[in-house]
Amino acid sequence: MELAYKLSNSAAGKAVEKESAGTANEKKTLMNAEPGQTYIIKELNTDDDEMNSFLFRLGCYQGEPITLISKKKNSCIVVIKDGRYNLDKMLSEAIII
Amino acid sequence: MRIAFAGNPNSGKTTMYNALTGRNEKIGNWGGVTVGSKEYQLKKEFSGGQEVIAVDLPGAYSMSPFTPEEGITSEYVRTANPDAIVNIVDATNLSRSLFFTTQLLELGIPVVVALNKTDINEKEGTKIDAAKLSAKLNCPVYETVSTENKGLSEMIAKAISLAGTVQKAPYMQADINLHDKNAVDAEDRKRYSFVNGIVADVETRKTLSTETTSSDKADAVLTNPIAGILIFAVVMWGVFWVSQAWLGPLVADWLVGWIETFQGWVAGQLENSPAILSALLADGIVGGVGAVVGFLPLVMVMYFLIALLEDCGYMARVSAVMDPIFKRVGLSGKSVIPVVIGTGCGIPAIMACRTIRDERERRATSMLTTFIPCGAKIPVIALFAGAFFNGAGWVSTLSYFFGLVLIFLGALLIKGITGYKYRKSFFIMELPKWKAPSLKFAFKSMMERAKAYIIKAATIILICNTVVQIMQTFDWHFQVVEEGAENTSILASIATPFAILLIPLGFGVWQLAAAAITGFIAKENVVGTLAVVYALTSFIDVDELEMTGGANTVAMTMGLTSVTALAYLFFNLYTPPCFAAIGAMNSEMKSRGWLWGAIGLQLGTGYTVAFLINQFGTLFTEGHFAAGFVPGLIAEICMVAALVLIARKVRAHFDEKYELHKGAGTANATV
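Just so you know, the protein sequences line up as chains E and D, in that order.
Take numbering that gives the first Met the number 0: the last position of the first sequence gets the number 96, and nothing is skipped along the way.
Take numbering that gives the first Met the number 0: the last position of the second sequence gets the number 670, and nothing is skipped along the way.
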């Protein structure tokens, strides 16, 4: 049940992505942000409650600032509170700013 | 009385614990070095004569565990009722650390906050008003620098004096239903705003942490997918070269001279004793153990360099740069840390896998990490490099990088067998601040490892060598084996059946089989047993060996060509590690199936690698396949068949699970 649910969920997620790309109304994530800028986190989109609460405990949650230090094709480095973290692409795309 | 040490990862708990207890537990500049709890008595100068046990716990960001090792901490402070808690707070990241602090303060156990790493804050111009913080938190706050023992005695004395009192919390979580996600979220938010309020009041920063610094520029290069990986390769090559081709052998040459002198002295003392006793003591025990100890300098230099690497903050960057590659084969960037630790010893490497959150990735990593040659395998590598390849440095470098290749291939195989489907795998790694590695800590860590190595040589290796020597000296009727009839010894008759299996690999003689078998007890035994069965000692001193007659004596005695020697070396490197490491694997994997899978995979890998090297090596050098090609091929086919069967079974189970889930959803329709 859980697996089936997850599968359908991710399929739905993909469909949404395509739509939003088409309308150019794409949600802004860390992956398309400017290095050196500080942003306010709008939402966490990881589909993973444990991950969300882990990020929360680092100080990464809705309404909090996050600073992009540098960005590469598959990862980026950010500042959350006073710590620097390396995030992979998937996580960077799940943080909506 | 017991005092627990809790705090965020990489806040310096173990460094403080080591300073207070005089222990030498592993430290490193990244989050997740400590993966289990450790306890030891405080030094007298700190405990004031009382019996005080310090308990070092893995780092945690909060009371709700995310990875297995975080769970150990929350479980301990909740259920073990320590008399006091020392909360180590990374003063450079106060805003994050206090979240966990406020949770600890709610437990009712007296808390003392150690504001650690205050030296870095001084350098960066960050000021924290400790008195104000103490008033706000309703608990004592001490500024400390554990690397320099600063502030520790006052802090720990306060913790001891508070034991037994009840802590009043400055912030209490409201009475909510902990299963209601929204309510918990709202509470956590309130807690963070409480923390943010405190930080705004007590902390003033000269440099904002969001400013780009020179260390950020370095990080940008080190985490660059091309430059970063090249730099990592060069760094590791440097470590291997210095320890195994340059500085290590230099010291080893000198040490071996002393061991030989000692052996000669023992033989001299035993001149009038029976020949058997002399053979047993001088050749067997001193010779065999000496052969292992002779390689100690190589191992020590290696440990020293790895300790420097672990201390400076580079490991987190390596983990970040390797993540995309490791992810492609179904592992995580965090798998790099066990691999690097594994160059020292496989057991802590397997335990380090606990920081990996996903169960499959965690088990796969602990299964594969021992393909990287550990410190105990260095003597084996050095022996073969010296005896068959003129001490060439490329042998050790090749051994490590080939181990890495095997990890990748093994990971792909596991991915295939377990029917791994695309899954969201997030990677987040804190990049700690760079620091100049401490020579003192590296030296201490090296000495600790050296001590363990010598103890091992004097116990396990010594016993094994003695047993091997006795088994070789006597036959089944307990008669001394006569010269020329060595094949009748107990050792020979036990090892011969195994040797037959090894014929396709090019080393099907009982002596080599016996050495490989004792290697499962401890890898150094391979060298010790070879020394005993061939009565050889000076493995390292290649110059001397060359002087004894053009061709290399060791190589001649063993009757191996360079092809079969390489096959034998790789067989020993990539078969299952020692029993201790297998035990560690068992306790980390918590699954019989995975454990047997791991042992099978390692046996199969060692066999296959040696088979391919021997057969194709012989084909290239001599123009024909080596002996036993067909039986070996049959063995390989059987292994592949076993793999396919296991994969089908696992996948059928996987599909079944999937079917069941689907079936549950559509039960009404089908019934």
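To be clear, the hints were calculated from the coordinates, so they are not data collected in a lab.
Certain hints may be false.
For lysine-lysine, the following DSS-like pairs were computed, each having C-alpha atoms within a straight-line distance of at most 30 Å [as the list claims (entries may be wrong)]:
(1) Lys180/D to Lys26/E
(2) Lys180/D to Lys71/E
(3) Lys450/D to Lys88/E
(4) Lys455/D to Lys149/D
(5) Lys149/D to Lys71/E
(6) Lys26/E to Lys43/D
(7) Lys326/D to Lys88/E
(8) Lys41/E to Lys149/D
(9) Lys432/D to Lys43/D
Quick rundown of the hints versus the structure:
no., hint, result
1, Lys180/D to Lys26/E, "holds (25 Å)"
2, Lys180/D to Lys71/E, "violated (34 Å)"
3, Lys450/D to Lys88/E, "violated (44 Å)"
4, Lys455/D to Lys149/D, "violated (36 Å)"
5, Lys149/D to Lys71/E, "violated (40 Å)"
6, Lys26/E to Lys43/D, "violated (60 Å)"
7, Lys326/D to Lys88/E, "holds (12 Å)"
8, Lys41/E to Lys149/D, "violated (42 Å)"
9, Lys432/D to Lys43/D, "violated (33 Å)"
Checked against the numbered hints given earlier, this structure breaks hints 2, 3, 4, 5, 6, 8, 9; the rest are met.
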